[in-house]
Amino acid sequence: MSMLNNVLAKPEVEGRKLSIVEALREALREEMRRDERVILIGEDIGIKGGFGGAFTVTLGLSDEFGSERVIDTPISEAGFTGIAVGAALGGLRPVADVQYADFLFLAMDQLANHAAKMRYMSGGKLRVPMVMRAPVGATTRGSQHAQSLESYFFHVPGLKIACPSNPYDAKGLLKTAIRMDDPVLFFEHKLLYGSKGSRKESGGLEVFGVVPEEEYLLPFGGAKVVRQGGDVTIVANLLMVHKAALAAKTLSAQGIEAEVIDVRTLVPFDWKTVFGSVERTGRLVIVHEDTLTGGWGAEVAARVADSCIGYLQGPIRRVTAPDTPVPFAPVMENFFVPSVERIVATVKELCQG
Amino acid sequence: MSMLNNVLAKPEVEGRKLSIVEALREALREEMRRDERVILIGEDIGIKGGFGGAFTVTLGLSDEFGSERVIDTPISEAGFTGIAVGAALGGLRPVADVQYADFLFLAMDQLANHAAKMRYMSGGKLRVPMVMRAPVGATTRGSQHAQSLESYFFHVPGLKIACPSNPYDAKGLLKTAIRMDDPVLFFEHKLLYGSKGSRKESGGLEVFGVVPEEEYLLPFGGAKVVRQGGDVTIVANLLMVHKAALAAKTLSAQGIEAEVIDVRTLVPFDWKTVFGSVERTGRLVIVHEDTLTGGWGAEVAARVADSCIGYLQGPIRRVTAPDTPVPFAPVMENFFVPSVERIVATVKELCQG
Amino acid sequence: MTSSLLTKERLLGMYRKMLLCRMFEDRVNSLFLQGRMPGTIHQAQGQEASAVGVCEALSPGDMLTSTHRPHEHAVARGIPVKALMAELFAKSTGCCHGKGGSMHMGDAELGMLPAIAIVGGGIPLATGYALSFKYLKKPNIAACFFGDGAVNEGIFHETVNMAAIWDLPVVFICENNKYGASTPIDSVMKVKTVSARASAYGIPGRTIDGNDVVSVYEAVSEAGERARSGQGPALLELETYRFAGHSRSDPGHYRSKQEVAEWKTKDPISRFETRYLAEGFLTREIIDRCRASVEQELNDAVEFAESSPSPLPEECLADVYAE
Amino acid sequence: MTSSLLTKERLLGMYRKMLLCRMFEDRVNSLFLQGRMPGTIHQAQGQEASAVGVCEALSPGDMLTSTHRPHEHAVARGIPVKALMAELFAKSTGCCHGKGGSMHMGDAELGMLPAIAIVGGGIPLATGYALSFKYLKKPNIAACFFGDGAVNEGIFHETVNMAAIWDLPVVFICENNKYGASTPIDSVMKVKTVSARASAYGIPGRTIDGNDVVSVYEAVSEAGERARSGQGPALLELETYRFAGHSRSDPGHYRSKQEVAEWKTKDPISRFETRYLAEGFLTREIIDRCRASVEQELNDAVEFAESSPSPLPEECLADVYAE
Ligand SMILES: Cc1ncc(C[n+]2csc(CCOP(=O)(O)OP(=O)(O)O)c2C)c(N)n1
Ligand SMILES: Cc1ncc(C[n+]2csc(CCOP(=O)(O)OP(=O)(O)O)c2C)c(N)n1
Ligand SMILES: [Mg+2]
Ligand SMILES: [Mg+2]
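From first to last, the protein sequence lines stand for chains H, X, W and E.
Heads up: the first sequence begins at 17 in the numbering used here, then just goes up one per residue.
Heads up: the second sequence begins at 17 in the numbering used here, then just goes up one per residue.
Heads up: the third sequence begins at 8 in the numbering used here, then just goes up one per residue.
Heads up: the fourth sequence begins at 8 in the numbering used here, then just goes up one per residue.
It should be emphasised that the hints constitute simulated quantities derived from the structure, not laboratory data.
Honestly, I wouldn't trust all of these hints.
Computed spacing ranges between beta-carbons, pair by pair [what the hints assert, rightly or not]: (1) W:S236 x H:R195: 56 to 66 Å; (2) X:S355 x H:E231: 43 to 53 Å; (3) W:G42 x X:P228: 51 to 61 Å; (4) H:E46 x E:S256: 25 to 35 Å; (5) H:Q329 x E:P258: 54 to 64 Å; (6) X:K64 x W:G42: 28 to 38 Å; (7) E:P258 x W:E330: 50 to 60 Å; (8) X:P228 x E:L143: 31 to 41 Å; (9) H:Q329 x X:S355: 33 to 43 Å; (10) H:K265 x E:S277: 36 to 46 Å; (11) X:Y232 x E:N36: 56 to 66 Å.
We treat Cβ as the ideally placed atom computed from N, Cα and C, and that holds for glycine.
Using the sequences and the accompanying hints, generate a full structural model.
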């Protein structure tokens, strides 16, 4: 895994480097300073002497903003999610979080039946400006603290979805999400939080990135071409962007130039960038840690198979987790999570086979 | 809609005709007689003078089997689903139901984090033989009693999924589901229940079908070619099978022969039949009432774009509900639900365009 | 009792509102039976004292949440019956532009969120609204209707607990009409009253005669003042009964004729009439005038609804996202 | 008190089990710190009287459910420490073949379901098991561990209510260690005791000294007999404390040193020793012998675990479906 570190960091770029945790925290702090309607709500996020959420993102914020704005809840995911929906309807801009994305299933009704529909059911009169943050990814904690759940929410009309792969995007997208008038699911990968601080992840990446001191916002719906290449398009998100980039490096040494696209937001999705790339390369590989069947990669494949079929020079391939729960044992978990090797092998087979 | 009635009924077939409600009820009754470990659990399913569930499927069963086996619950979907999981682990074979599939979100944690994973987490030692029945489909009840939720569960490794389109399949699949040692989501379409009885649906189809008196089981994983044709493959489920069949009739009159495949079960999925058909026709249209983005049709498109790309003579098209919540007003709902006309137009454009 | 605080005008207004609720429901029923309305409906005839007593105790800026049985709540909250009728007729002039329907009627600008048809699902919305009121230091409260069936949902438990620990300005109002669909409440709960559950959250709980509009008004006013002054939520149980079936297709065979008949003797509207006819300030003439004016209002509403345009099919695609 | 019913052998057995629990946790902690174990762990040092007192009151055919903090429950239930250690080492000889890990240890054949790490998620599983016992007319009960944090989850509410109305043979056991992660229970609940919530479901509730193994045993035996004889569930609150942080990475700065120190004086193991050394039937020699034999058992377990084979990577694909 250590090979993965900084494969994306461009050494030439000057500036202040932050981890994703720091970038997220800074986004929250800036938005809370700017707009007092922004509040945080969740478990163990503000307790004195506590964790600042499961992964320290909110650490210190209750010192600055007090417990009225950094609201510690009981362990009641459905309830506090619904309260966030109500508070958003009432004019606040709540940023809620679950400690692990796996627990979103408990709040699924409030997210899919209420947050996502209130605007529609009201005939367009209402808005639900809330953000729900959720850490995803397998980290040898067993099957209930491990899932990458993006695809379940990808299927809910009315929700928007961000899944940043680096500190710059994390900060810019979170600030945008908070200002947006729609409910946003904001997925963060545990192994990208960085390895500083008390709650470090073994196997975590040192993803420090330049984050400007000046304020900036990053729009939803804009994918990022992380690496250009003419032979094959690789579409990925979160941790998989880093693996895809490393795979691209390896492939380049073997004469295959891969274009790597970081989707950044799943809803809205930047179809234009993906279609444009596939039309140039003629080959598509989609990489996600979420499981295969019904994962968001299927939609990418389906849209390409609808819109760009004439450009395809080979089958559309997906490198994803298999259709299993997440196993605990590291040997099995490493098999479960898509590896750089699997990406390399799939691309090679596609380009040469 | 009345045109739709009996487009699939083969007049030549002799035998006893039942509605899907009757077929499902018969399946439950037979399995309960056969195996006393089979119990039913849910809201308003057995109350004397009551409904027999939201759509009369369990009507009368508490008279025969008593309230110990037809267990009326409080309105506690997560709780009784979890209790069904526990009872299944304890050796029973519970058939639970929610009144509308929309309420499955409330029980999502118990289904996706527990029912689907207990076997895996135990290293293969446990089994969870339970069935969860859920009515889907838009019927002018507004957005919280209308969704077709198959695709959310399609993405959960560890669950199996049935979605019958007719009485014969409904009975045969439900009996198989009850005997299966894995958790099964069993989706039924409200407009296919038939229009007999007190809780008839306006717009409901008269889907009477021949159901043999002799016992039979229908295996999971076997799709059915409802109609043969060489020009295009149409894959559909539930109500959409009927619409696809009617569309095929119209298309045939215009010189296009469509092969219509009823998937019957989504997990396991009969890839062989679909791939074989697409390899012959070279064209694929997928039809479902579930919304477009991230729907199960995307997976069908993705697999075909992976495995059969060389056979495709055109883009893969999907005819689905748009990415919106379900609107109430019939004019909008009719726009939302895929129509025969939309299927016909899509196929024509694909075959001729 | 504080009923003396209610002026005659106020009482008469409440009476007319109860009539409007009842006659609205009756009209909707007959329109539905004539096949002039799509969808399904859950009617509330018999529960007018609850709807009106609660809404009368609310201020304009307060927020109400409702359930799958929202018609009378919406009427009592003062949403124009035209807009409600048009919504039931699936017209674009409806309070939700035809996107909501019977189970989602409401208008937040007029103090009622679109109703929530997931049993219990509206409880956290009201509570979240209350959180925003408290946070923004507004003098308002949220009032949250739900049925006896909802108190066995987990969301009830989670949310009432949070409202309690944070002293949020919300009044939880359980309309205990003894049944959740076909299921008698005493078969799904061991405690005798819903209000007994308040003690699990350390908040006040009271059981009230939900068919007496004045009692309801007083109890909600009291709980509302408490909540407004920062003392936190309360759980009120209004004992009432629905005269009709659970939904249009339900003949209600799970209830005995005797039980229904008994509750009909407690009809909140005739009880009101009997009492205030006896007290002298209500007269047959006033009653007749009220009925006539309600009748007219409903005629107008139906005409408005029927003559309103349908939404366009493609409007299905609008209003998913704000931006 | 019925403690007289406990023979000396039984008491000694319970003592050794508490030692095994504690020393298992301490050993796991040091293995973890040495980096010899993957994953994360939630340890239960300080809660041995609860684990052992509860399990001692169970029969072989009874079923136990547990939480994200299951080590001591599993040890006390009698799952061989070899199988537990091997699971923590992610070996195929583990009780879940390496698929479960720390938060999912268990072995249904030995009377404990794989633990559930979703807070509150195991409560309906235990209740469903109890339903199957009742239905199949087995003489067994289910016992369900959960923390103080779990009683604010909706699933607690829904499930305890159903167990109550159906008189299911299940004992709900809340290990109230005063914190859910960093959150003090009194900040998330207005009532003073968890057991007070039993009244909302019409079942008995009791708060017990959870650091006294005999009290725990007696209370669970009593509730268990009640449940076994068809009289329904009970909610027992065991007051206890975890000495360590919430998980390995937690230094526990949200608790005062004084509070921790006070609870250390109530250490269930030293309390047991003090009491029975004074009563004379426990001796220093017995204690030393117990410790030595536990030490040996743990050495064997670690050796077994370390020398066991890892699962194959592709075993990831197995065990998803039964057929
Ligand atoms: C979560 C959920 N479960 C089930 C239903 C189906 N359903 C609609 S109303 C109802 C009964 C509700 O009873 P109660 O809360 O007492 O309200 P009432 O109908 O008596 O006004 C049920 C079971 C639903 N809408 N939502
Ligand atoms: C549904 C859910 N929410 C949150 C968590 C994260 N989490 C794990 S343990 C825990 C605290 C549990 O507290 P308690 O129930 O008192 O048990 P204890 O840890 O004290 O034994 C939390 C919040 C979780 N595992 N599941
Ligand atoms: Mg009711
Ligand atoms: Mg605790």
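Results for each hint:
1. W:S236 x H:R195: 56 to 66 Å: violated (34 Å)
2. X:S355 x H:E231: 43 to 53 Å: holds (49 Å)
3. W:G42 x X:P228: 51 to 61 Å: violated (38 Å)
4. H:E46 x E:S256: 25 to 35 Å: Taking Cβ atoms as reference, H:E46 and E:S256 lie about 28 Å apart, which means the hint holds.
5. H:Q329 x E:P258: 54 to 64 Å: holds (56 Å)
6. X:K64 x W:G42: 28 to 38 Å: Holds - the Cβ-Cβ distance for X:K64 and W:G42, about 31 Å, lies within 28 to 38 Å.
7. E:P258 x W:E330: 50 to 60 Å: violated (43 Å)
8. X:P228 x E:L143: 31 to 41 Å: Holds, since X:P228 and E:L143 (Cβ atoms, about 33 Å apart) stay within the stated range.
9. H:Q329 x X:S355: 33 to 43 Å: Holds, at about 36 Å.
10. H:K265 x E:S277: 36 to 46 Å: violated (59 Å)
11. X:Y232 x E:N36: 56 to 66 Å: Roughly 58 Å apart at Cβ, these two residues keep to the hinted range, so it holds.
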